[in-house]
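Asker: Here's the letter readout for the chains.
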Amino acid sequence: MDVQYVFIEPWTTEFSNTIWIYLMGFFVASACGLVGNYLILRRMALVGDAISHSVLPGLAVAFLLSHSRQTWTMFLGAMLAGIVTTLLIEVIHSKSRVKQDAAIGIAFSSLFAIGVILISVFASKVDLDQECVLYGEIEYVASDLPVLIGSTVIGPAAVVRMAGVLLGTVILIVLFYKELLVSSFDKGLALSLGVNSTVVHYALMATLSIVVVSAFESVGAILVIAMLIIPGATAYLLTDRLPTMMVITVIHSALSALMGIHLARWWSNSATAGAMVVSASILFALAWVFSPRHGLIRRYLKVKVLTPEPESI
Amino acid sequence: MNFLPIHPPWSGRHIPRTLYVCVIAAVILFVFSCPSAMAARIGEISETNIGDQVYRFFTLQDPSVRYTIAGCILLGTCCGMLGSFIVVRKMALMGDALSHAVLPGVALGFLWTMEKNPLYIFVGATIAGLIGTATVSAIKRTTRLKEDTALGIVLASFYAVGICLLTYIQHLPTGNKSGIDKFLFGQAAAMGREDLILMAVVCVICLVMVYLFYKELLALSFDTAFARSLGLNVDLLHHMLMLLLSFAVVISLKAVGVVLVSAMLITPAATAYLLTERLSRMIGIAIVVGMVSGIAGAFFSFLGNNLPTGPFIVLAASLFFVGAFLFAPKHGVILRWWRTLNRRKRTIRENMLKSIYHVLEQRGFDAEGVSTRELAEQRRETVEDVEGTLRELNSHSLITRHEDGNITIFTPDGWQRAATIVRNHRLWELYLTNEASIAADHVHDDAEIIEHVLGEETVMELQKRLDYANLDPHGKHIPTREDIEQRGRHQKPGTLTSGYGGQV
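Protein sequence lines correspond, in order, to chains A and B.
Everything in the first sequence is counted per the numbering used here, starting at 1 for the first residue and increasing by one.
Everything in the second sequence is counted per the numbering used here, starting at 1 for the first residue and increasing by one.
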């Protein structure tokens with residue numbers, strides 16, 4: 001292993017590049033992770049997966065109608081696609097005897113198929129690459145157009161936009177903390193407190209779509225799906241309290257982005273986004289084994305304590 | 001492991017076994033009789049005349065079209081059959097997770113030989129799929145994370161490993177790596193002869209396994225506890241099903257791609273689930289839907305040059321689902337809505353008939369006509385509302401209307417229906433007070449609902465249990481069979497034996 005290449009160079013000669021990749025990975029992972037916490041608590045982890053696929057036709061339609069890649073049209077298209085997906089899932093499983101899991105599968109696959117067809121038919125007009133949607137190209141994030149305030153360079157547009165989305169997500173969660181909490185844990189209590197669970201549900205899905213689409217272009221669907229689920233799941237194994245869970249989620253995101261950068265370099269320049277997910281999975285596996293309260297080791301010891309040694313005859 | 005007597009899905013009156021055998025045999029013959037000379041692949045066709053394309057597709061003159069159709073038929077069979085099991089087991093998204101989880105296996109299978117040998121890729125992908133499903137089970141068993149989260153973790157992490165390996169492969173200097181990315185989106189036209197042979201073999205293996213273990217899989221799907229109590233090794237069966245599922249996913253990858261494989265497993269099976277109640281029939285329908293959408297997808301992708309096949313197959317399957325969702329005879333939205341509407345209308349009619357009976361009863365059945373005003377007072381509705389319902393009753397010949405529509409008289413049918421409803425209502429009230437010990441003033445609302453749905457057999461049973469009592473908890477007369485069958489002679493109910501006639 002080339003220590004110089006893997007560990008030193010990114011933070012010395014290539015610092016100006018690496019820092020943006022790192023920040024982007026961290027912003028994406030923590031924004032996704034924070035929304036993902038609620039998905040896990042609401043047992044809707046795979047709805048996140050579904051929406052991250054079904055924003056594709058939303059993006060394609062938004063692009064075809066507006067002929068531009070402006071941020072707000074993209075956000076609007078994605079938000080609509082997210083809400084349509086949620087509605088479709090709801091309609092299929094409440095109006096027929098098809099269960100929710102199958103409804104999710106049907107809804108997202110049809111929408112994704114429509115998206116792929118739209119992109120292939122209008123390939124000359126749509127500047128969207130389906131493969132980029134899947135892999136993403138976080139490596140090139142630093143070369144994105146810089147955002148200027150006056151004459152000061154703040155950073156590449158993608159990173160600045162993602163920072164804005166993360167900030168918005170955090171503000172929304174802080175403002176509606178109580179509503180999200182009660183509607184996630186106890187629908188009955190939410191009703192008695194006057195919280196409209198349906199509105200909260202759709203608002204959460206709309207937020208999710210925005211987070212997904214802003215992360216999409218630069219990091220791809222895999223990182224999004226993974227970061228919706230893995231940080232929250234790791235945190236869920238380590239704590240029983242929602243605020244602590246959120247803090248752990250953010251720490252997890254920071255660590256996996258860092259590990260991912262080095263892992264990708266060590267692994268002869270494989271996809272950085274993929275390497276970040278692999279790092280996140282490794283952290284999850286560590287939590288699974290070593291978690292003080294829910295870990296495998298603890299579980300094993302507990303079983304041993306509870307079943308006494310058979311007495312020798 | 002105990003074996004239950006073999007009872008395959010195609011035995012008995014459902015789908016004839018011969019159909020399956022014929023289809024599979026035909027496909028296998030078809031594949032092997034294909035000339036091995038490679039003609040132009042679908043993607044390379046350049047002429048754009050649609051009529052020509054349609055002709056070429058349906059005359060099967062191109063080997064590539066034959067390959068594609070054979071592949072889609074095999075794929076539809078395999079996915080439809082196995083998808084049925086995961087849909088009824090509420091594990092539909094297992095297919096989604098599996099299709100992503102096999103990706104590292106695909107890449108490793110490629111790295112093993114550095115060429116796209118379908119067999120190595122198949123073995124690698126199957127192993128990766130099995131490790132994936134085992135990890136899902138392990139996470140579910142040993143942590144407090146729920147199934148959806150466990151699936152999501154496996155899906156994302158395995159897929160990420162796969163992507164890393166794929167980019168690694170693309171950075172390699174050697175090897176015929178072109179086309180490895182076809183696994184992401186799928187191109188049925190890129191299937192070769194070896195792919196098809198592999199598909200046929202896998203398809204036969206899946207059919208044979210499901211044939212042999214049908215009873216066991218049935219028990220596992222609907223009642224795991226029951227399956228366990230029969231002495232079946234439930235875990236082994238589950239892993240066998242997952243193995244077959246990995247097979248199906250791997251052979252579908254090339255045609256429809258990673259993202260859309262799950263649709264091939266879920267959508268045809270969910271369509272069939274709306275159309276039938278029996279697993280054997282569901283499997284049959286799912287296979288047919290899978291095959292037909294496969295062929296339709298291949299057709300459309302052939303029409304528009306160079307369009308990916310997978311999305312079209314998925315869209316065709318989704319259209320079938322929409323059709324079943326709307327028009328299925330028993331579970332379809334439209335027919336269900338129509339039935340509800342009819343039931344609601346019938347309830348309104350029956351309530352009006354009941355009110356006419358009540359008005360007549362309050363007057364001791366001394367006249368056979370009832371005025372609209374009286375009915376409006378009885379029902380606490382406006383005269384216009386009553387008028388509308390009466391017109392409806394008239395058109396069903398349940399009543400006749402006299403004196404410019406002001407006086408309503410039962411027809412014999414109308415009398416019968418009204419007396420039946422009143423009888424049902426009062427019998428039920430009596431039953432609830434006597435047998436369920438509910439207070440007499442609490443039983444009305446319940447009876448108000450049940451009166452419209454009680455069948456003749458239930459009524460007879462109720463009468464027997466209540467010793468043919470003829471007074472309800474409020475002291476009113478319960479119409480008897482004789483009362484109902486007077487058919488409008490308007491004998492005063494309950495006084496038949498006394499010989500008193502209430503005719504006017």
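A hint or two may mislead.
[To be verified] Label pairs and their in silico Cβ distance ranges:
1. Leu236/B x Phe15/A: 51 to 61 Å
2. Asp467/B x Leu189/A: 42 to 52 Å
3. Ile438/B x Val303/A: 42 to 52 Å
[What the hints assert, rightly or not] Covered stretches of chain A, as calculated for chain B (at least 3 residues, CB under 8 Å):
4. 42-53
5. 74-85
6. 88-100
7. 175-182
[Claimed, not checked] Just some of the chain B residues that point at chain A, by a computed CB distance under 8 Å:
8. Leu155
9. Tyr273
10. Leu275
Hints were generated in silico from the structure; no laboratory data involved.
If you're wondering where the values come from, they're calculated on a predicted model, not measured in any experiment.
No residue lacks a Cβ here, since even glycine has one placed at the ideal position from N, Cα and C.
Asker: Each of the hints needs a verdict: does it hold here or not?
Answerer: Hint by hint, here is what the structure shows:
1. Leu236/B x Phe15/A: 51 to 61 Å: Holds - the Cβ-Cβ distance for leucine 236/B and phenylalanine 15/A, about 55 Å, lies within 51 to 61 Å.
2. Asp467/B x Leu189/A: 42 to 52 Å: Between aspartate 467/B and leucine 189/A, where Cβ atoms are some 50 Å apart, the hint holds.
3. Ile438/B x Val303/A: 42 to 52 Å: holds (51 Å)
4. 42-53: holds (count 7)
5. 74-85: It is violated: at least three residues are needed, and the region 74-85 of chain A offers just 0 whose Cβ sits closer than 8 Å to chain B.
6. 88-100: holds (count 6)
7. 175-182: violated (count 0)
8. Leu155: Since chain A brings a Cβ to about 7 Å from leucine 155/B, closer than 8 Å, the hint holds.
9. Tyr273: Hint holds; tyrosine 273/B Cβ to chain A Cβ min 6 Å, cut 8 Å.
10. Leu275: Constraint on leucine 275/B not satisfied, violated at 11 Å.
Violated hints, listed in ascending order, are 5, 7, 10; each of the other numbered hints is respected by the structure.
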